[in-house]
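Asker: Could you build the full structure based on these sequences and the hints that come with them?
Using the numbering used here, the letters of the sequence shown correspond one by one to residues 678 to 782.
Be aware that a few hints might be false.
Claimed, not checked - In silico BS3-like pairs for lysine-lysine, Cα to Cα no more than 30 Å straight-line:
#1 692 <-> 705
#2 695 <-> 715
#3 699 <-> 747
#4 704 <-> 715
#5 747 <-> 696
Said to hold, decoys possible - Label-pair ranges, simulated between beta-carbon atoms:
#6 719 <-> 775: 37 to 47 Å
#7 696 <-> 772: 22 to 32 Å
#8 699 <-> 775: 21 to 31 Å
#9 775 <-> 727: 33 to 43 Å
#10 751 <-> 705: 12 to 22 Å
#11 767 <-> 745: 20 to 30 Å
#12 699 <-> 730: 20 to 30 Å
#13 691 <-> 727: 11 to 21 Å
#14 717 <-> 757: 16 to 26 Å
#15 766 <-> 729: 22 to 32 Å
#16 699 <-> 776: 10 to 20 Å
In short, the hints are calculated from the structure, not lab data.
Just so it is clear, the structure is predicted and the values come from calculations on it, not from any experiment.
The beta carbon of each residue, even a glycine, is placed where N, CA and C say it ideally should be.
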Amino acid sequence: MSDASLCCTTTANLKDAKKLAKRLVTKKLASCVQVIPKILSFYEWDGALQEESECLLLIKTPQYCVEEIKDLLRAEHTYEVPEFLVFEASDALEEYLGWMQEAVE
Numbered sequence: 678m679s680d681a682s683l684c685c686t687t688t689a690n691l692k693d694a695k696k697l698a699k700r701l702v703t704k705k706l707a708s709c710v711q712v713i714p715k716i717l718s719f720y721e722w723d724g725a726l727q728e729e730s731e732c733l734l735l736i737k738t739p740q741y742c743v744e745e746i747k748d749l750l751r752a753e754h755t756y757e758v759p760e761f762l763v764f765e766a767s768d769a770l771e772e773y774l775g776w777m778q779e780a781v782e
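Answerer: What follows is the structure, encoded as structure tokens:
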């Protein structure tokens with residue numbers, strides 16, 4: 678088991694995605710944020726099926742930063758209920774983990 682987590686969230690547009698990605702990296706909460714600019718999401722909201730074009734953010738971070746990332750998303754995300762899922766890495770290259778740690782210090 679490594680100390681790495683992969684978190685994901687979505688945004689309504691590329692502008693919001695870039696803003697969150699830059700904020701997470703400059704606040705030293707993520708070592709890297711990848712933005713996938715065009716995904717198609719289907720979900721039910723207020724009793725109706727929704728189909729939305731969104732951006733997906735993949736946030737690479739040590740596990741100890743996850744709670745602060747949640748707090749930042751609660752405060753700064755434009756969605757009423759932002760997606761936030763965390764996946765713990767079961768394995769990772771030691772060199773990558775070392776770089777990840779240095780990037781958030």
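Asker: Which numbered hints turn out to be false for this structure?
Answerer: none
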